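Novice: Residues per chain are reported as follows:
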Amino acid sequence: MNDRWKVAVASLLATCALCAGCGAPVAEFRRYEMYRRLQEKSLGIDPETKTYYTFDAQQQRDVDDLMWAMFGTPDEPSVPQLADADVSKVVDLNLLQMAAGPVGSDETGRPTGLYREHCAHCHGVTGDGNGPTAIFLNPYPRDYRAGRFKFKSTPIDTRPTHDDLKKIVTDGIPGTAMPSFRLLPEQEVEALVHYVKYLSLRGQTERKLYETLTQLEAGERLINPAAGNSDQGQTQFKERLGLIQGLASEIVAEWIGAEEVDTHIDPRPKLELVTFSLPPEEEEKSGFPKLKEELFKQQAVSSVDELRSRLIEQLDVGNQPAEEQDKAIAKHMASASRQIGQRLYYAGKANCFSCHGPSALGDGQTTDYDSWVTEFAGKLPKRADFAEWVALGMLPPRNIRPRNLRQGIYRGGMRPIDLYWRIRNGIEGTPMPGNKQLTSEEIWHLVNYVQSLPYESISDPRMAEPENQRERM
Amino acid sequence: MGRFWSLLFLMVPVLGVGIFVWAIAGWWPIQNHWLPDNINDHGHVIDSLFNFILYLTGAIFIATGLVLFWFLWKYDAAQNAEPVKYSHGSHTLEVVWSIIPSVTLLFIAIYQMNAWADAKLRRPEISRTPGPDGKLHTDDDVVVLQPPLAEVTGRQFEWRVRYAAADGILGTEDDVQITNELHIPQGEDVVLRIKSQDVLHSFFLPNLRIKQDVVPGMKQHVWFRANRTGVYDIVCAELCGWGHYKMRGRLTVEDRSSFNRWLADQHTKQTQAEFQKPTGGEE
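For the protein sequence lines, the chains are A and B, in the order given.
All residue numbers in the first sequence are consecutive under numbering that gives the first Met the number 0, ending with 472.
All residue numbers in the second sequence are consecutive under numbering that gives the first Met the number 0, ending with 282.
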């Protein structure tokens, strides 16, 4: 055999070896180091060593083992069977397996590894919002482990509903790097939502375990399966197991409870004079009593009929068909509604301008941080406080900015009900508070005002964008 | 072994032509790798231009490959004892092989001008009336261009579509906004405005033979007339980041009435102003 042939064969073999040799490492969940440190710090300074207490290696191993026993691995996820709460109501194990594992498909052709295909590069295998591409994004991807989600129909300190998470996956979050997964088949979206809930349950449980560690004596084991030899050890083991299952049950119960939270929104009253003639008992719920009062006062009238004729006169539509008159009146009412919204924006019960700024550009305050930062670094953190947490896996914190309301980009969705929920419930983890004092009517006036902001002439960026024009042939 | 290299280089034209023939014929395992179905009235112009250039360059490719093979075969060192001869080339030959490609390129440049103008410059018009000179089809005609049906904004990594909707004007409150879903009416001239929110993308509708680079800061327009209903792909044809491969959208061509119904339906969903939990009870 000639040399050339030898070289050709050798390089072919080398290519084969290269292709076959490099497999991906087995995916593993990352420890919640930040939360461990937070709990250790909560114990204060050890007077002997003059440093913070630390959990010992055995205690950390117990946490790792428990997490593995309850939730499995990224390739083989599981959920704990709990006596007090039905986990299957929150997480469907069958769908979970579609989302888990490496990207591929099983014998029946069903896809697997959807989470790693679509989500993990930003949100991380552990759901800690710290995947390989996370650092490049602004805002950063969500860390699911605290169980806190921003855009949902439920109030602060409750979990989101299944449909809330599904909406985010389907529609994406405009104004952020979260894309829409609208084109994925329904079942795959479902699988992803279940997996997100699974990662969230897992993270929340891990937090609880570290919290439990703070209540133990130094060096005491969290759970000791080898204690079965003595009766006392057995009882203690069972007791501890019960305690831990109880903690997990509480977390699961919160998720189940979220589905029961009353999130209904009464229909936004129509901007028609008919809504002013509702019987008093319905008026509060489906009318605009405040708007009515305002218009009555403005026009110095005391009945709807009077108001109508006064408005027709004022708007100069007397000689037009009734339909046109109604349109003109609706327009006038809309503008009055926006004015009420505007007053709420600048003062009183809503006071939006203090954060969103006097011109609604989102520049009222720009120095706050969200709770994924303040939970660790403190309410008013300084730059120097971050290094410790960044070393443990926090992404270098950025300020949280109030929304610029003139762009018409709404992260949690642009439907009026989305804006209603944002104003009523606030946005969890951010300085945007929920507002229980506003009446439903007032919120609708605010929504009307906010929805009009992007269309005011000063919001229009069209003049600044040159159109690509060329001489026509 | 003496003629190993000449045979190896002969494989280039043989395999090159083979793959194309295989793909055009659609044999296993590369079915559906040739041009996708054309559903644009103007698409055949693009296709025939493509085919013309393919056959022209194909013929030159085969000829070059064969000549290369012939020289390698004939002057193989093992078979030729004669010493190498050096020459300073042939002036005539060089003139000929410079002029032929120049003329060919010039021909293509002129031949495609109408196709280019139709695709990129002659946006559909709603009306055209004579200007001050009183004559039609002169530079001072008063032309009303067809407004865009929708604005497509490329973004890492999705297509955001904003329909002008009922009032026909983009940027107003009644616009319908949706991601990755482009619906268009069949059999009508459709104009789309294309924008980018971040980096370079390329808006590619393979079945409509439409491809337009999306440049940040520029508004560009594409137009077409789809002649067949169905569901087709929207893809990004410019490497725009790590998620480029997943920047897909869905184009639905449907008749005017279902298009209107779909748009009205989306508008209703978007303006949902009451909420009641679905009362299906426990499953």
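Heads up, some of the hints might be wrong.
Claimed, not checked - When the alpha-carbon atoms are kept at most 27 Å apart in a straight line, the in silico DSSO-like pairs for lysine-lysine are as follows:
{"#": "1", "chain 1": "A", "residue 1": "Lys-289", "chain 2": "A", "residue 2": "Lys-330"}
{"#": "2", "chain 1": "A", "residue 1": "Lys-149", "chain 2": "B", "residue 2": "Lys-245"}
{"#": "3", "chain 1": "B", "residue 1": "Lys-245", "chain 2": "A", "residue 2": "Lys-166"}
{"#": "4", "chain 1": "A", "residue 1": "Lys-348", "chain 2": "A", "residue 2": "Lys-378"}
{"#": "5", "chain 1": "B", "residue 1": "Lys-73", "chain 2": "A", "residue 2": "Lys-435"}
{"#": "6", "chain 1": "A", "residue 1": "Lys-296", "chain 2": "A", "residue 2": "Lys-378"}
{"#": "7", "chain 1": "A", "residue 1": "Lys-5", "chain 2": "B", "residue 2": "Lys-245"}
{"#": "8", "chain 1": "A", "residue 1": "Lys-237", "chain 2": "A", "residue 2": "Lys-269"}
{"#": "9", "chain 1": "B", "residue 1": "Lys-276", "chain 2": "A", "residue 2": "Lys-166"}
{"#": "10", "chain 1": "B", "residue 1": "Lys-245", "chain 2": "A", "residue 2": "Lys-165"}
{"#": "11", "chain 1": "A", "residue 1": "Lys-269", "chain 2": "B", "residue 2": "Lys-276"}
{"#": "12", "chain 1": "A", "residue 1": "Lys-149", "chain 2": "A", "residue 2": "Lys-165"}
{"#": "13", "chain 1": "A", "residue 1": "Lys-284", "chain 2": "B", "residue 2": "Lys-268"}
{"#": "14", "chain 1": "B", "residue 1": "Lys-276", "chain 2": "A", "residue 2": "Lys-149"}
{"#": "15", "chain 1": "A", "residue 1": "Lys-149", "chain 2": "B", "residue 2": "Lys-134"}
{"#": "16", "chain 1": "A", "residue 1": "Lys-166", "chain 2": "B", "residue 2": "Lys-268"}
{"#": "17", "chain 1": "A", "residue 1": "Lys-88", "chain 2": "B", "residue 2": "Lys-276"}
{"#": "18", "chain 1": "A", "residue 1": "Lys-88", "chain 2": "A", "residue 2": "Lys-40"}
{"#": "19", "chain 1": "A", "residue 1": "Lys-165", "chain 2": "B", "residue 2": "Lys-276"}
{"#": "20", "chain 1": "A", "residue 1": "Lys-330", "chain 2": "A", "residue 2": "Lys-348"}
{"#": "21", "chain 1": "A", "residue 1": "Lys-269", "chain 2": "B", "residue 2": "Lys-268"}
{"#": "22", "chain 1": "A", "residue 1": "Lys-207", "chain 2": "A", "residue 2": "Lys-269"}
{"#": "23", "chain 1": "A", "residue 1": "Lys-149", "chain 2": "A", "residue 2": "Lys-296"}
{"#": "24", "chain 1": "B", "residue 1": "Lys-119", "chain 2": "B", "residue 2": "Lys-218"}
{"#": "25", "chain 1": "A", "residue 1": "Lys-326", "chain 2": "A", "residue 2": "Lys-289"}
{"#": "26", "chain 1": "A", "residue 1": "Lys-326", "chain 2": "B", "residue 2": "Lys-268"}
{"#": "27", "chain 1": "B", "residue 1": "Lys-119", "chain 2": "A", "residue 2": "Lys-165"}
{"#": "28", "chain 1": "A", "residue 1": "Lys-40", "chain 2": "A", "residue 2": "Lys-269"}
{"#": "29", "chain 1": "B", "residue 1": "Lys-119", "chain 2": "B", "residue 2": "Lys-134"}
{"#": "30", "chain 1": "A", "residue 1": "Lys-49", "chain 2": "A", "residue 2": "Lys-149"}
{"#": "31", "chain 1": "A", "residue 1": "Lys-330", "chain 2": "B", "residue 2": "Lys-268"}
{"#": "32", "chain 1": "A", "residue 1": "Lys-40", "chain 2": "A", "residue 2": "Lys-284"}
{"#": "33", "chain 1": "B", "residue 1": "Lys-245", "chain 2": "B", "residue 2": "Lys-276"}
{"#": "34", "chain 1": "A", "residue 1": "Lys-207", "chain 2": "A", "residue 2": "Lys-284"}
{"#": "35", "chain 1": "A", "residue 1": "Lys-269", "chain 2": "A", "residue 2": "Lys-284"}
{"#": "36", "chain 1": "B", "residue 1": "Lys-276", "chain 2": "A", "residue 2": "Lys-284"}
{"#": "37", "chain 1": "A", "residue 1": "Lys-166", "chain 2": "A", "residue 2": "Lys-435"}
Stated by the list, open to error - Quick list of simulated restraints, FRET-style, between CB atoms:
{"#": "38", "chain 1": "B", "residue 1": "Trp-33", "chain 2": "A", "residue 2": "Thr-132", "range": "47 to 53 Å"}
{"#": "39", "chain 1": "B", "residue 1": "Asp-212", "chain 2": "A", "residue 2": "Val-25", "range": "40 to 46 Å"}
{"#": "40", "chain 1": "A", "residue 1": "Pro-430", "chain 2": "B", "residue 2": "Val-190", "range": "29 to 35 Å"}
Just so you know, the hints here were simulated from the structure itself, not pulled from any lab data.
Just so it is clear, the structure is predicted and the values come from calculations on it, not from any experiment.
Beta carbons: idealized from backbone N, C-alpha and C, even for Gly.
Novice: Now, for every hint given, state plainly whether the structure supports it.
Specialist: These are the hints, each one checked on the structure:
The suggested pairing of Lys-289 of chain A with Lys-330 of chain A holds, with an alpha-carbon distance near 17 Å, which does not exceed 27 Å. Under the criterion of a C-alpha separation no larger than 27 Å, the hint pairing Lys-149 of chain A with Lys-245 of chain B is consistent with the structure, at around 26 Å. Distance hint between Lys-245 of chain B and Lys-166 of chain A is fulfilled; the C-alpha atoms sit about 19 Å from each other, no more than 27 Å. For the hint pairing Lys-348 of chain A with Lys-378 of chain A, the CA-to-CA distance comes to about 24 Å; that is within 27 Å, so the pair holds.
As the CA atoms of Lys-73 of chain B and Lys-435 of chain A are separated by approximately 92 Å, the hinted pair breaks the 27 Å bound. With a C-alpha separation of about 46 Å, the suggested pair Lys-296 of chain A and Lys-378 of chain A falls outside the 27 Å cut-off, and the hint is violated. Between Lys-5 of chain A and Lys-245 of chain B, the direct Cα distance comes to roughly 42 Å. Violation of the 27 Å bound is thereby established for this hinted pair. Simply put, Lys-237 of chain A and Lys-269 of chain A have alpha-carbon atoms about 60 Å apart, too far for the 27 Å limit, and the pair is violated.
The suggested pairing of Lys-276 of chain B with Lys-166 of chain A holds, with an alpha-carbon distance near 14 Å, which does not exceed 27 Å. Among the hinted pairs, Lys-245 of chain B with Lys-165 of chain A is consistent with the structure: their alpha-carbon atoms are about 19 Å apart, no more than 27 Å. For the proposed pair Lys-269 of chain A and Lys-276 of chain B, the alpha carbon gap of about 21 Å is at most 27 Å, so the pair holds. For the hint pairing Lys-149 of chain A with Lys-165 of chain A, the CA-to-CA distance comes to about 13 Å; that is within 27 Å, so the pair holds.
Of the pairs offered as hints, the one joining Lys-284 of chain A and Lys-268 of chain B holds, with about 22 Å between alpha carbons and a cut-off of 27 Å not exceeded. Under the criterion of a C-alpha separation no larger than 27 Å, the hint pairing Lys-276 of chain B with Lys-149 of chain A is consistent with the structure, at around 20 Å. For the proposed pair Lys-149 of chain A and Lys-134 of chain B, the alpha carbon gap of about 62 Å is over 27 Å, so the pair is violated. The hinted pair formed by Lys-166 of chain A and Lys-268 of chain B meets the criterion: a straight-line CA distance of about 13 Å does not exceed 27 Å.
Distance hint between Lys-88 of chain A and Lys-276 of chain B is fulfilled; the C-alpha atoms sit about 17 Å from each other, no more than 27 Å. Taken as a hint, the Lys-88 of chain A and Lys-40 of chain A pair is broken in the structure, with Cα atoms around 36 Å apart against an allowance of 27 Å. Distance check on the hinted pair: Lys-165 of chain A and Lys-276 of chain B sit about 15 Å apart at the alpha-carbon level, within 27 Å; holds. Restraint check: the Cα-Cα separation between Lys-330 of chain A and Lys-348 of chain A comes to about 26 Å, which is no more than 27 Å; the hinted pair holds.
Distance check on the hinted pair: Lys-269 of chain A and Lys-268 of chain B sit about 17 Å apart at the alpha-carbon level, within 27 Å; holds. For a cut-off of 27 Å, the pair hint linking Lys-207 of chain A to Lys-269 of chain A is broken: about 48 Å separates their Cα positions. A hinted pair counts as satisfied when its Cα atoms are at most 27 Å apart, and Lys-149 of chain A with Lys-296 of chain A does not qualify at roughly 40 Å. Proposed proximity of Lys-119 of chain B and Lys-218 of chain B is supported: the alpha carbons are some 13 Å apart, at most 27 Å.
Of the supplied pair hints, the one linking Lys-326 of chain A and Lys-289 of chain A holds, its CA atoms being roughly 21 Å apart against a limit of 27 Å. Straight-line distance between C-alpha atoms of Lys-326 of chain A and Lys-268 of chain B comes to about 23 Å, which keeps the hinted pair within the 27 Å bound. Pair hint Lys-119 of chain B plus Lys-165 of chain A does not hold up; C-alpha atoms about 40 Å apart against a cutoff of 27 Å. Restraint check for Lys-40 of chain A and Lys-269 of chain A: the C-alpha separation of about 55 Å exceeds 27 Å, so the hint is violated.
Simply put, Lys-119 of chain B and Lys-134 of chain B have alpha-carbon atoms about 25 Å apart, close enough for the 27 Å limit, and the pair holds. Among the hinted pairs, Lys-49 of chain A with Lys-149 of chain A is inconsistent with the structure: their alpha-carbon atoms are about 39 Å apart, more than 27 Å. The hinted pair formed by Lys-330 of chain A and Lys-268 of chain B meets the criterion: a straight-line CA distance of about 22 Å does not exceed 27 Å. For the proposed pair Lys-40 of chain A and Lys-284 of chain A, the alpha carbon gap of about 50 Å is over 27 Å, so the pair is violated.
Between Lys-245 of chain B and Lys-276 of chain B, the direct Cα distance comes to roughly 33 Å. Violation of the 27 Å bound is thereby established for this hinted pair. For the hint pairing Lys-207 of chain A with Lys-284 of chain A, the CA-to-CA distance comes to about 42 Å; that exceeds 27 Å, so the pair is violated. Distance check on the hinted pair: Lys-269 of chain A and Lys-284 of chain A sit about 12 Å apart at the alpha-carbon level, within 27 Å; holds. Among the hinted pairs, Lys-276 of chain B with Lys-284 of chain A is consistent with the structure: their alpha-carbon atoms are about 18 Å apart, no more than 27 Å.
Note on Lys-166 of chain A and Lys-435 of chain A: the hinted pairing holds, with a Cα-Cα distance of about 25 Å set against a maximum of 27 Å. For the pair Trp-33 of chain B and Thr-132 of chain A, the beta carbons lie near 35 Å from each other, so the given range of 47 to 53 Å is not met. As the Cβ distance of Asp-212 of chain B to Val-25 of chain A is approximately 42 Å, the hint placing it in 40 to 46 Å holds. Between Pro-430 of chain A and Val-190 of chain B, the C-beta spacing of about 43 Å breaks the proposed range 29 to 35 Å.
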